[in-house]
Amino acid sequence: MEALLAFNLRDSVLVLVDSTAGRSIVKMKEDEEKVYRIDNNKLLAAVGESGDRVQFCEYIVRNAQLYTLRNNYPLSTKACAHYIRGELAESIRRSPYNVNLILAGVDKEVGPSIYYMDYLGSMQKMNFAVHGYAAHFLLSLLDRHYKADLSLDQGVELLRRCVNELKTRFLIGGKFKVKHVTLDGTIEIPLDMPEAEPTPIPGYHTPVPIKA
Amino acid sequence: MAKYDRAITVFSPDGHLFQVEYALEAVRKGSTAVGVRGKDILVLAVERKSTAKLQEPRTVRKIVKLDEHIVAAFAGLTADARVLINKARIEAQSYRLTLEDPVTVEYITKYIAQVQQRYTQSGGVRPFGISTLIVGFDVDGTPRLFQTDPSGTFSEWKANATGRNSKTVREYLEKNYEDAGAEQTVQLAVKALMEVVESGTRNVEVAVMRRPKEGGLKFLSDEEVDAVIKKIEEEKAAEEAAASSSKSQK
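Those protein sequences? They're chains A and B, same order as listed. For what it's worth, my numbering labels the leading residue of the first sequence as 1, then goes sequentially. For what it's worth, my numbering labels the leading residue of the second sequence as 1, then goes sequentially.
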């Protein structure tokens, strides 16, 4: 199943999304791009029905560009999120788009923001968000380890923890892509995952004697 | 109830479409716009209409972006231009959505011309009272300049002008055009415009389009336009001084 995760750093956003494209029990490709660049400082990451995902996200990207051209001014992350949510809400009772999204953006005054949206058209602004089965594993991990004001290195370390967790406990897994959204632009970060043993956590990986 | 299905643009006995010709008259009343194509650059220079004292000059824009790589200037009815430009912008994005490719300059020009033609052959509508100059670089790097007019015709140009006194400007361009580098092309555009417009940054607005990797679209600031005008005037003075000195030597 598809995993999508994002969390706020000090003044940027990290987005982790799996890059597997498959159907039923077959993995068709492992380098699928599920993140769409809306403009210089906004990313739309989507998981769900692949046809719906491409169709909906490309439509959003093109309309955001049209807005920028018409008004000579880019959409704010908040405005963009509300626009996307509106489109999802309109289509749910007509021909629903089966996509779950996270909009990650950085604005000058507001700073980094994450908008979590699902295919029914509900939306929530959050500090960290996860879509898919991965949520069952990662939300608790993030609750424990996420702090406000993380640096990029700390953020990538946290991402490694998350990927490790999925690799250890999640039935289905594959390759991931990491995107870093800043005020100046978006960049893909390679997530070098050592194939070796995960950092052992005492009491989890190694037994700790129970004090009588 | 009036039915809006009767055509307004109809043929005259001698084969003219008077509404289209009247639309061209409206274009001729608009402020001048000049477009020049260079080797690696495209320049649009427009006459900045004098704004009233209390009016904000930045809201009167005659050079507009159609997409990241295409820019247009127009002459004629500003409100008509707004509608047409909006349609063109939507088409540019729609094309990108369907074909995952940016429009070529010719495609978007053809589209605009098509819209203008449709309004000369539909019921209840009048033609758009604008001519446009559309510039941009195609994906293969070729610079292109096109012009459309109210009749819906379009053609490609090396340099052209539209609006008030466009004939004078075009004649100047015909005499002096050279496929040249950036500085010379900007100078030619401004010189041509200055044939019919009072010189000074208050009256001239210049936009320069380069290939995306070389900078894309840039509006010249007041200082930059001043600098160009100053250089033109210096060269003119130097020419006149050289001409008069050679005359006196004879």
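Everything labelled a hint here was simulated from the structure, so no lab data went into it. Beta carbons: idealized from backbone N, C-alpha and C, even for Gly. One or more hints might be untrue.
[Unchecked claim] In silico DSS-like pairs for lysine-lysine, Cα to Cα no more than 25 Å straight-line: (1) B:Lys29 to B:Lys49; (2) A:Lys175 to A:Lys29; (3) B:Lys49 to B:Lys213; (4) B:Lys213 to A:Lys179; (5) A:Lys29 to A:Lys211; (6) B:Lys49 to A:Lys108.
[Unchecked claim] Under 10 Å between C-beta atoms, here's a sample of chain A residues computed to sit facing chain B: (7) Glu58; (8) Val61; (9) Arg62; (10) Leu69; (11) Arg70; (12) Asn72; (13) Ser76; (14) Thr168; (15) Phe170; (16) Leu171.
Results for each hint:
A hinted pair counts as satisfied when its Cα atoms are at most 25 Å apart, and Lys29 of chain B with Lys49 of chain B qualifies at roughly 12 Å. The hinted pair formed by Lys175 of chain A and Lys29 of chain A meets the criterion: a straight-line CA distance of about 10 Å does not exceed 25 Å. Simply put, Lys49 of chain B and Lys213 of chain B have alpha-carbon atoms about 33 Å apart, too far for the 25 Å limit, and the pair is violated. Simply put, Lys213 of chain B and Lys179 of chain A have alpha-carbon atoms about 24 Å apart, close enough for the 25 Å limit, and the pair holds.
Taken as a hint, the Lys29 of chain A and Lys211 of chain A pair is broken in the structure, with Cα atoms around 49 Å apart against an allowance of 25 Å. Proximity of Lys49 of chain B to Lys108 of chain A is assessed by CA-CA distance (about 35 Å); at most 25 Å being required, the pair is judged violated. Taking 10 Å as the C-beta contact cut-off toward chain B, the hint placing Glu58 of chain A at the interface holds, the least distance being around 6 Å. Of the supplied interface hints, the one on Val61 of chain A holds, with its beta-carbon coming within about 8 Å of a beta-carbon of chain B, less than 10 Å.
Hint status for Arg62 of chain A relative to chain B: holds, with the closest Cβ pair at about 4 Å, below 10 Å. Given the 10 Å rule on beta carbons, the hint for Leu69 of chain A holds: about 5 Å separates it from the nearest Cβ of chain B. Restraint check, Arg70 of chain A versus chain B: the minimum CB separation of about 6 Å is within 10 Å; hint holds. The beta carbon of Asn72 of chain A comes within 7 Å of a beta carbon in chain B, closer than 10 Å, and the hint placing it at the interface holds.
Taking 10 Å as the C-beta contact cut-off toward chain B, the hint placing Ser76 of chain A at the interface is violated, the least distance being around 19 Å. Annotation: interface hint on Thr168 of chain A violated; nearest CB of chain B at approximately 39 Å, more than 10 Å. Proximity of Phe170 of chain A to chain B is violated relative to the hint, the smallest CB-CB distance being about 33 Å (cut-off 10 Å). Below 10 Å, beta-carbon pairs count as interface contacts, and Leu171 of chain A has none with chain B, the closest being about 35 Å; its hint is therefore violated.
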